[in-house]
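S.K.: The listed protein sequences correspond, in order, to chains A and B.
For the first sequence, the numbering used here gives the first residue as 1, with consecutive numbering after it.
For the second sequence, the numbering used here gives the first residue as 452, with consecutive numbering after it.
The set of hints was computed from the structure by calculation and includes no laboratory data.
Because the structure is a prediction, the values reported are computed rather than measured.
Where hints are given, some of them may not hold.
Negatives, chain A to chain B, calculated, CB over 12 Å [claimed, not checked]:
no. : residue
1   : Pro63
2   : Tyr244
3   : Arg270
4   : Asp317
Now the in silico label distances, taken between C-beta atoms and shown as ranges [to be verified]:
no. : chain 1 : residue 1 : chain 2 : residue 2 : range
5   : A       : Arg448    : B       : Leu595    : 35 to 45 Å
6   : A       : Pro65     : B       : Asp683    : 17 to 27 Å
7   : B       : Glu749    : A       : Asn437    : 55 to 65 Å
Which chain B residues face chain A? A few, computed with CB under 7 Å, are given here [to be verified]:
no. : residue
8   : Val569
9   : Gly570
10  : Met572
11  : Ala650
12  : Arg700
13  : Gly728
14  : Pro740
15  : Ile743
16  : Ala746
17  : Ala750
Glycine included, every Cβ here is placed at the ideal spot set by N, Cα and C.
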Amino acid sequence: MNQRQSAVAHALVRAYGPARLGAGVAAAPGMARLTRPDSTGEALPVWPDGVTPSLLEEHQVAPVPVERSGETRRVLAAVLKCCWSDLSADPWPGDPAPVELVLDTYRELIGRTDDLMRNWARGALRRLHDSAWVVLDDGVVLLGPRCALWPVEAHAQLQELVRRLPEPERAELTVVGDADIVAAARGGSPRDGEPPANAPGDGRAEGVQEGGPDAGGPGGAEGLLGGGRVEWGAAEFDDLLGGYDERRRAELVAAFMVVEHAAEPVQEVRFAALRDPALRHTLGEMLARRGRTLIQHRDRWTSGYDDGVAAAVNALDAAGASDAAGPGGGRLGVSERAVLALVLVHSVAIPRAEGLLPEDSWMSPHPTPAEELRRHTQLPIGELETALRRLRHAGLLGQVKAGEEAGGYVPGPQFHRLTPAARRRLQEELILAAGPNTPLAAAVLARRSAR
Amino acid sequence: MRSRTLVPVSEQPLTLDSVLTDEAVLSTYRRMFAALARDSGAVVDDPALVDIAETLFAAFAEAGEEWLTHEQMRFACRAYPTDQFDNRLRVLKGLGAIREVFPKPNQLRYRASFTSVVGLMFIRRMMDDGGQSEMHRLLALEDLNVADPRTTMEEARQSALNLARAFRLWALELITLTTGTIEELREQAPKLWGTEEIARRAQSLHGTILTRWPELDRVCTDLRAAIYAYSDASRRAAGRLADSAGTTRNLTLLPTETWRTFAQTASKERLAAILDGFVFDAPAPWHDPAAIARAVDEAPRPAPAQPTPPRSTLPDPGPGSSLDDSPDAVLERLTRTAESLLGDAPRVALGDVLGSDWVAARRVLADLTTVDLRPELPYRLVWSDGLTIDPEREPAWLSHGYLERTS
């Protein structure tokens, strides 16, 4: 795998969630391979020098906000309690557990039993599934690939947490036992019957951690449910970072993490690796390996998809070749893209045409009223609500609340991450769509064909 | 329609911006009436003067057959200084836009000319889109004309010549703009450049003329060249703007209505196609173990249930069933209490009957007070002023009272 392919692989994971790998296929450098007993697996990126995005907290930089974060994390704790049955092993992959057991555990944790609580918990499970923290499958929950990224040092804290979570009081007379539900789900899994291959890794892995002791699962049936181990890839940036002393290296890693994970562009003065042109150059090289590039907004920086890599991702997408989206793939559906385009028209294009938006940017302080989207568009309400929820969750839309009636939606923090070329293209696409017969559209088309 | 607030000009802070806007408005007026003006000073030199005319016409429309007197006209234009108003009224009267209702001396009532109102509407529209919609209408009309069997070849030639001239002048203006400053281009070009629709209409008109009168091919060649020149100039102006603009600034160049119509009428697929080929991040929040533990600790705990007080294990019929709550029962009980204390006597001292057990005594005292307060019962309490204090006794403080029969 050359550097270009590896960059595209990283971009694919960032855009669509953990990549699914065929049997024996190696993960790109800089990614951990979560290998299943049949040697298929999933790949997702790890961060340099063992840091995690919680590094942002140390630097007092706000990460992308998590929707209903407290509730979501409590539900994740309940899932962990149910799925992490052997505390002497790593949490991932854990064992499957019925959704009902997770809901009962959550109810015990917060001490509420009403239907509203149940709906909230289900919403949180869905969001966790969409972001690959859990896998929801046919009434059964499993820890998702991202749980494999919890650093080993933090496992003790998680163990302690799981021990002090209360066991749910469950009526003895459940119609179907937990084990039966799990067994039924396994039996129904499409990969049923594949022999537990347990093929060796590709030998590139440095440390191989064995998964749960019953990695094969009681039924022997494999697939998404149960079993697996984490193969940590080789350190990715050592050739770039090796020449720097410890302090500079830490500064580079910190800058890398903040531009990749902060919600807003970060101030240049706060990070040495952004201030110093030489360090910034190295930072750019680190990002390039991930298919990313630095984006400057005056004295602030963030990162975005490299234009070439984004084009490659699109080409793969168009060819249907990137069937790599793992659980909870992040591909936007037609109605989601349509709603996003509507918000761009109302929050950016119209205020701009009225001269209310001086800044040359896709961020906007002018919310699109929810009423406008509901009443004055061609979108069915049901699809609209679902799309709004998913777009909010992905940070593509921000919700502005102001009183009972006012407020609405604005383009979310992801729009900071568009490169100048992508921003220009977005403008052109809007003009081509809204005024296809104007000389402006003709000029856009002429420019494109000239290139 | 450009809306202008009716503020006396003298009170408006004269900023550079407002001067520039006013100058732009005036230059349009001048250009439009250049053909009719007697000399270059004949056109208004303050845009507010046109607003006065418009305010006047609006007042006339409202007044209907009542017409307007001079005072009413002045009142309608009260926002403007008197000298400006007088000046305007003089000019409008002089040109016949405002006339006496009956042409005789000392006429007090005035009416407005229909032609002038229409003219003003036309001016305002020209201001807004630089004549694009006029061109549309003109082309549509000419199209109808040349298709009419009564139209002569000479008329068709004249129409083709006129159109060719208009397109050429339009194209020239655009070309001049394209080589000028980008700000001027941004301001003026969208009013001037033609949509494909205009070019298409013009070409169809050209086709109709040529088919019907092949003899006119020379005039038509001119017209065709003019149309091409105009389309080309439009594209070039748009191209220069598109190249110069930032990454969102060109959005200004489509009018708000276009955006609104698009948002309201476009199908889901058409909207979605805009974002085809853009790569966004999948949701990937980080749930740190510490954050998860914190969230669990901060879980909203339900308020602990209040413990019920301990109950006696003995069977307890409770007071609920034993209480007779009929009003008569109360009176009966009070009468019994009073009678048992009084015996046969008409009056007893409380000190004698209550005894030394204060806990029991205060209950009796409460009952007696109730008896006293019930006018229907034939007893009363009488208190004397004396007070006996004896530390040895229980109660140690004793005020002297008597229970008496009242009847």
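S.K.: Closer than 7 Å between Cβ atoms is the bar; does Ile743(B) clear it against chain A? Give me holds or violated.
M.R.: holds, 5 Å
S.K.: Min Cβ distance, Ala746(B) to chain A: is it shorter than 7 Å?
M.R.: holds, 4 Å
S.K.: Is it true that the C-beta distance of Glu749(B) to Asn437(A) lies inside 55 to 65 Å, as the hint says?
M.R.: holds, 57 Å
S.K.: A closest beta-carbon separation below 7 Å is what the hint needs, so does Gly728(B) meet it against chain A?
M.R.: holds, 5 Å
S.K.: Tyr244(A): least C-beta distance to chain B exceeds 12 Å?
M.R.: holds, 25 Å
S.K.: With d taken as the least Cβ-Cβ distance between Arg270(A) and chain B, does d exceed 12 Å?
M.R.: The claim stands: Arg270(A) keeps its Cβ more than 12 Å from every Cβ of chain B (closest is about 20 Å).
S.K.: Does the beta carbon distance between Pro65(A) and Asp683(B) stay inside 17 to 27 Å, or does it fall outside?
M.R.: violated, 51 Å
S.K.: Hint Met572(B) vs chain A: min CB-CB distance below 7 Å?
M.R.: Where the cut-off is 7 Å and the nearest Cβ of chain A is about 24 Å from Met572(B), the hint is violated.
S.K.: Against chain A, with CB atoms and a cut of 7 Å, does the hint on Gly570(B) hold up?
M.R.: violated, 29 Å
S.K.: Verify that the Cβ of Asp317(A) lies farther than 12 Å from every Cβ atom of chain B, and report whether the claim holds or is violated.
M.R.: violated, 8 Å
S.K.: Have a go at the Val569(B) hint: is there a Cβ in chain A nearer than 7 Å to its own Cβ?
M.R.: violated, 29 Å
S.K.: With 7 Å as the cut and Cβ atoms as the points, is Arg700(B) at the interface with chain A?
M.R.: Since chain A brings a Cβ to about 6 Å from Arg700(B), closer than 7 Å, the hint holds.
Checked against the numbered hints given earlier, the structure breaks hints 1, 4, 6, 8, 9, 10, 11 and satisfies all the rest.
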